[in-house]
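Participant: Construct all of the structure, not just a fragment, from the sequences and the given hints.
Respectively, the protein sequence lines represent chains A and B. Read in order, the letters of the first sequence are residues 24 to 197 in the working numbering. Read in order, the letters of the second sequence are residues 50 to 615 in the working numbering.
For the record, the hints were derived by calculation from the structure and aren't laboratory data.
Result set (BS3-like, lysine-lysine): computed pairs, CA atoms no more than 25 Å apart in a straight line: (1) B/512 x B/390; (2) A/84 x B/100; (3) A/169 x B/100.
A few chain A residues that don't get close to chain B, going by computed Cβ distances all over 12 Å: (4) 44; (5) 47; (6) 53; (7) 64; (8) 70; (9) 126; (10) 139; (11) 142; (12) 144; (13) 158.
Glycine included, C-beta positions come from ideal geometry on N, C-alpha and C.
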Amino acid sequence: MTAMDRRDALSSIIMASAATLFIGSCADDHAIEFLTDGKLLLDESHQAYVAVISETLLPVKALSPHIPAAGEFIVRMLNECHRQEDVRRFTLGFDQYKLLMKESRSKITNENADRAISVIESSLATAEPQEELIYFIDRIKSLSLKNLETSEYYLTEKYNYNQIPPPYEACASA
Amino acid sequence: MSEYKYDAIVIGAGMSGSWAAKELCEKGLKTLVLDRGRNVKHVQDYPTATKQPWEFDLRGDIPLSTLQENPSISKCYAYREDNAHFFVKDTEHPYVQLKPFDWIRGYQVGGKSLMWARQTQRWSDYDFAGPARDGFAVDWPIRYRDLAPWYDKVERFVGIAGNQDGVDTVPDGQFLPAWELNCVEQYFASEVRKNYNDRQVIFGRCAHLTKPQAIHIEQGRGSCLSRKECERGCPFGGYFSANSSTIPWAYRTGNMTLRPHAIVESILYDEQSARAYGVRVIDAESKEVTEYTADVIFLNAGAINSIAILQNSISNRFANGLGNDAGVLGKYVAFHNYRAKITAQYEGMANRNVIGQKPTSAYIPRFRNVYGQDTDFMRGYAAGFDARRQPDSADTEGLIGQALTQRMTNYQPKLSPWLVKSHMMGETIPKETNLVKLDTNRVDAWGMPLIQISIDYDDNDDKMMIDFFEQFTEMFEKAGFSEITKIDSQQAPGLDIHEMGGIRMGHDPSTSLLNRWNQLHACKNVYVTDGACMTSTSTQNPSLTYMALAARAAHHAVEALKKQDI
Chain A
24 MTAMDRRDAL SSIIMASAAT LFIGSCADDH AIEFLTDGKL LLDESHQAYV
74 AVISETLLPV KALSPHIPAA GEFIVRMLNE CHRQEDVRRF TLGFDQYKLL
124 MKESRSKITN ENADRAISVI ESSLATAEPQ EELIYFIDRI KSLSLKNLET
174 SEYYLTEKYN YNQIPPPYEA CASA
Chain B
50 MSEYKYDAIV IGAGMSGSWA AKELCEKGLK TLVLDRGRNV KHVQDYPTAT
100 KQPWEFDLRG DIPLSTLQEN PSISKCYAYR EDNAHFFVKD TEHPYVQLKP
150 FDWIRGYQVG GKSLMWARQT QRWSDYDFAG PARDGFAVDW PIRYRDLAPW
200 YDKVERFVGI AGNQDGVDTV PDGQFLPAWE LNCVEQYFAS EVRKNYNDRQ
250 VIFGRCAHLT KPQAIHIEQG RGSCLSRKEC ERGCPFGGYF SANSSTIPWA
300 YRTGNMTLRP HAIVESILYD EQSARAYGVR VIDAESKEVT EYTADVIFLN
350 AGAINSIAIL QNSISNRFAN GLGNDAGVLG KYVAFHNYRA KITAQYEGMA
400 NRNVIGQKPT SAYIPRFRNV YGQDTDFMRG YAAGFDARRQ PDSADTEGLI
450 GQALTQRMTN YQPKLSPWLV KSHMMGETIP KETNLVKLDT NRVDAWGMPL
500 IQISIDYDDN DDKMMIDFFE QFTEMFEKAG FSEITKIDSQ QAPGLDIHEM
550 GGIRMGHDPS TSLLNRWNQL HACKNVYVTD GACMTSTSTQ NPSLTYMALA
600 ARAAHHAVEA LKKQDI
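Facilitator: Right, dumping it as structure tokens:
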């Protein structure tokens, strides 16, 4: 991962945290416990957590009903098309992310509540995010993009995809 | 006629076997067609044919576990999430690679005709007379004139889109209208014509229906819609497959019995009559063994499997495999060298693009060593050529949130310059050392000996590839293309999916196995008309020639039966 990628990852973590900082539903569970034989079988609350991060990094819900839920797609792609060690990295990164949220939440007081994000920023500034956390956020972003780019909405609206293509013209105007 | 006795048996319901079946059934022979795979019925067994790209779970990607479990098959250019069900699983059908060989197989009724590249250039006497002229392999016992009427017959039935090009090495035929080459393909063709007098760029003839004729409508087939999703199976029958055409046609005669899941263990030989009398079959599911008898047997299991079946057909008379008096069964296997590719860009015609698509590309027939020996390597190569522009995708680096969404939704894709590419299709020289044989110790799940494959490139292939790069670099430069990149994929043999030979035709029973009618010299009621029969490989895709040979041999078999000559 390049330095630029790392900066992107930090920005992404901070932005995602705005939506996940106060999600407490699965704060005390460990995603790694859902890893069995190299497959990540997340429960509903963890899958929803991934979906929230995805929607924060790439908001698409308002665009079209023809974009499928990214959370389920991300986990499926991880399990089917990633090496077991990468699924594990993602899972460890997920736990690191949740831990970051939990620790940041504990630092939030009545006095600094309006500056919650800056609490996370200072946490990240004092502790270098681990490689797994960067991988986790990077995978969510890139698989969210794939989910959008291969959606009915995007292929038909952006690339005029039609299963029956228009009549062939060998030399048309560009 | 009993359940076990037929006039004819065809082993293999793919490209060539289905043609043999069609011809034999049409001529009134009660024909048993055996295939080791499952049945695939036209339309109803194409589960992905009309699925949209977003309906696939992995949106076109292949599971990593599938890639790992299928190291050979997954290298095939046509193997995708949407059609993996038409390819064998390497783990279920093991073979022994004495040298690296990626064996691409489709075990089902229809075989690889469901996923083939549909390229259908005729062979010429520059191919059939090639070995005799250039002193390799053995002389083909046929010439172009022997096959020309059968090419006509097959082309009319199959439906071939093409132009009458007047090129010596790829004779013209019975063509439906071709697609027009796109503007840069036309430009390249004109530049080649301007700069060279020994080479041409033509439309690659292909088995697609551009203007269905009555015979195609009778088959239930319709126009090709250029979806380019052929390898999923075409519900419109827009391209030729055994499943859409020859198998249902044979079935309609009432003379065909189709038996899927039937692994042929061996062809049975009667010492007294000196004829084959049937086949022994292992049911792929129950493993029950059954014998079927017939007066004539067509072996069309696919080149390597056909070799293995003969090698496994042992008798007192043929201790080394049925018909193997010459000791060359399984030897002199050859293939096509597809390692070399060349890509470039063309900055011209920036205001032009293509609308829609065509399911084939341009084709550059062989131009080296055609009229005489003019290089330091034997034989030559043909090449594909295509030009296209591609829309780019949005740069998303550093963007997140609404900014990322806006970039994705507001982005107007820009077209790339014209991207051109060509790939070499090189003839390889059949050699005794390129061979297929049976493993004497290991067997597969059905108790059949594992097949050992030992096939490799040689110096001639390397020299040919160097020449391809030199010639095409020059041709590209003269056309004003830039960013020329030469690629040697270093792929193993096999990925060309054009393995040929091993049961070769020839005049002389002491150096070949099949005569001019594709009969075993030593067992005249066994015909082999798939890739195994090929004496040399030419540069052209071979399926059209297999089909023509199968039709011709079936006609011969019927006449010979009438005369009680086999």
